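Chains as they are written, first to last, in our numbering: chain Z, 46 to 325; chain R, 188 to 533.
FYI, nobody ran anything at the bench for these hints, they're computed from the structure. A portion of the hints provided could be inaccurate.
[To be verified] Here are the computed lysine to aspartate or glutamate pairs in the EDC-like style, where the Cα-Cα straight-line distance is at most 20 angstroms: (1) R:Lys-340 - Z:Glu-219; (2) R:Lys-260 - Z:Asp-218; (3) Z:Lys-148 - R:Asp-258; (4) Z:Lys-148 - R:Glu-240; (5) R:Lys-260 - Z:Glu-216; (6) Z:Lys-83 - Z:Asp-286; (7) Z:Lys-150 - R:Glu-240; (8) R:Lys-371 - R:Asp-241; (9) R:Lys-295 - R:Asp-261; (10) R:Lys-260 - Z:Glu-219; (11) R:Lys-371 - R:Asp-389; (12) R:Lys-371 - R:Asp-263; (13) R:Lys-340 - R:Asp-292; (14) Z:Lys-150 - R:Asp-241; (15) R:Lys-450 - R:Glu-475.
Computed from a predicted structure; not experimentally measured.
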Amino acid sequence: MTNRKLLSEAKLWLVAIPVLLWTLIPIYHIFLFSISTKDSAFSGRLWPDHPTLHNFVTVFKQEHFYLHHFWNQIWNSLWIAVAAGAITLAIATCAAFSISRLKAKGGRTVMNAALFTYFIPAAFLAVPMYKAMGTYGLLNNRWSLVLAMVTLAAPYAIWVLKQASDKLPWELDEAARIDGATPLQLFRLVYLPLMVPSLVAIFTYALLLTWNEYLYAFLLLSHENTIPLAVGLGHFLASDDSPWEILMATALIYGLPPAAIYYAFRRYMVGGLTAGAVKS
Amino acid sequence: MATVVFDSIFKSFGSTKVLHGISLDIANGEFMVLVGPSGCGKSTLLRMLAGLEDIGGGTIAIDGRVVNDLDSKDRDIAMVFQSYALYPHMTVGENMGFSLRLRNDERKRIEDRVAHAARILNLEPYLKRYPRELSGGQRQRVAMGRAIVRDPKVFLFDEPLSNLDAKLRVAMRAEIKALHQRLKTTTVYVTHDQVEAMTMADRIAVMNDGRIEQLGRPLELYDRPANLFVAQFIGSPAMNVFDGTYRNGAVEALGARWPCSAKAHEGQPVKYGIRPVHFDFGSGVEAEVVVVEPMGAETELVVKIGGQSLTVATHGRSPAAPGDRISLAPNAKHAHLFDAASGARL
Ligand SMILES: Nc1ncnc2c1ncn2[C@@H]1O[C@H](COP(=O)(O)OP(=O)(O)OP(=O)(O)O)[C@@H](O)[C@H]1O
Ligand SMILES: [Mg+2]
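One chain only, chain Z, in its complex shape (with noise of 0.2 angstroms):
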């Protein structure tokens, strides 16, 4: 019985270890470049010999070429993020809860052609994308990536709380009627408050999926005062003589908000996210 356990256990820790090898390395290489010098970065050690916060200080004093838009492009990466996740948030919830507590006509279609856009890559959108948002004139506006995330993000999002949303018990909307609430009343005090937990999880999901985009960011806008600081970042490439010390610090920097949010929403994330994911 023990035997068997350990056994089990075991394998486990086969398959954990590769993977947290696999997670772990490029981070601590990134952290690693982060606290070297510039001509201690490649030496190869797995430890410089002078540690250094230097590289964050020029970061923070926007004092390289490629970093004088750096407060202003991690403000936007923000600001376009939070946006995105909010109106998808909307967007999601205000579907979800009338396809599966009002049962609109229509919902199940909707529902197909969410799951339908899965089909097609979001690259392959990337070009038409760009025109539509030529043709509205939003090209370098920061709107332009903040719709264009939505449309991303929306279809995914709506099928998670519609499935989420199925698993209210129906009697809490009948009771609510009796009662006496309006549709908007059912939404506004029972939907919402039990919806909590998958809206926290949605929420961060389209923030962190709009923080991480580089494609349509890179397409949509151009202007240094416009880019989210995953643009900002590739910048940094366009040299033969990159100053990867500098990269790979702004890097752990843009790393680290995704981090904070992940830990601090973690108990909705996996609850949430997998909520409705399997049927009960």
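Please arrange chain R with the ligands on chain Z, whose structure you already have, making use of the hints.
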């Protein structure tokens, strides 16, 4: 307080017909129980009255006003669900006051009404708790509190006790009954448990397969069931029923003559029904005891007569043991005759 009138109500889900023309008048302040086996359509009927289900055909009127096209919230009814359907994110007090809050009542008035209901239901210590922190019986009472607070025209109950254990069910039965006697609000109560129906109802509508088989006071249904279905559904232990032939003022069945007071045509095939408590011991039909079930206050015997199992109940203890042969005298006054083909009472 109000009357409720169902007038030839029809309902189908897709091509399945569920209700076939139900008409039922419920008087002001009456406690009406709809009882019937699973799937007979009693919940559907109640939900139509609540406005949760479209009315397929016919009209429903509350207090003389046809409500077919009214929203649930405009019908002035309150409903207690089998699953209680308490709002999990609200405290007991908030749950009970929710309907008043939706009506934009004053805060003070809501608090007073909730406190009043909590006092009636002994829920005062729990007002600040959440539903998940309550026992099943307490949740049940909160669900009732939510209904009381509104002072509606009609209370609707859909199997409110079926999630409780047997002992609590008996206690809550008495509580609901007492509540009704105190508030005198017209009540429609759905159950599949005939004991609940018998003990609580002013009148019972026995439903089967989308029809009302019989409507009447509990003891009327018990004493004069209109047909075989009601006869076998009402009463515990259930009535003994077997086939026989009417001859010379009695029924010939199971190799014996069974006395009865009802009349049938000479030679007519009938069903003979007799409740377990309506046997006397003494001279009569010969029977063999198969099982003895002592319950303290009374004893149930399962006996075999002519190959058929019958139940006999006696007050007090019985000296009989399995294998004994006894002689039973069916009480003619309490024997029921039903037409063998239609099942209608003769
Ligand atoms: N939404 C629905 N769609 C299709 N059929 C339904 C629906 N609701 C109920 N039915 C059918 O209608 C019939 C009556 O259902 P109803 O719920 O009224 O039964 P009931 O008498 O309350 O039974 P129970 O004691 O099991 O609650 C059943 O045969 C059921 O399958
Ligand atoms: Mg039912």
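Pair hint Lys-83 (chain Z) and Asp-286 (chain Z), alpha-carbon separation not exceeding 20 angstroms: holds (11 angstroms)
Pair hint outcome, Lys-260 (chain R) versus Asp-218 (chain Z) [Cα-Cα no greater than 20 angstroms]: Given pair Lys-260 (chain R), Asp-218 (chain Z) holds - Cα atoms ~12 angstroms apart, limit 20 angstroms.
Satisfaction of hint between Glu-219 (chain Z) and Lys-260 (chain R), Cα-Cα up to 20 angstroms: holds (10 angstroms)
Given pair status - Glu-240 (chain R), Lys-150 (chain Z), alpha carbons within 20 angstroms: OK: Lys-150 (chain Z) and Glu-240 (chain R) at ~17 angstroms, within 20 angstroms.
Pairwise hint evaluation, Glu-216 (chain Z) against Lys-260 (chain R), where the allowed Cα distance is 20 angstroms at most: At roughly 15 angstroms apart (the allowed maximum being 20 angstroms), Glu-216 (chain Z) and Lys-260 (chain R) satisfy the hint.
Satisfaction of hint between Asp-389 (chain R) and Lys-371 (chain R), Cα-Cα up to 20 angstroms: holds (12 angstroms)
Given pair status - Glu-240 (chain R), Lys-148 (chain Z), alpha carbons within 20 angstroms: holds (14 angstroms)
Straight-line alpha-carbon gap Lys-450 (chain R) to Glu-475 (chain R), limit 20 angstroms: violated (29 angstroms)
Straight-line alpha-carbon gap Lys-340 (chain R) to Glu-219 (chain Z), limit 20 angstroms: This hinted pair holds, its Cα atoms lying about 18 angstroms apart.
Hinted pair Lys-148 (chain Z) and Asp-258 (chain R), Cα distance within 20 angstroms: holds (17 angstroms)
Satisfaction of hint between Asp-241 (chain R) and Lys-371 (chain R), Cα-Cα up to 20 angstroms: violated (28 angstroms)
Straight-line alpha-carbon gap Lys-295 (chain R) to Asp-261 (chain R), limit 20 angstroms: With a Cα-Cα distance of about 24 angstroms, the restraint between Lys-295 (chain R) and Asp-261 (chain R) is violated, given a limit of 20 angstroms.
Consistency with the previously given hints fails for numbers 8, 9 and 15, ordered from lowest to highest.
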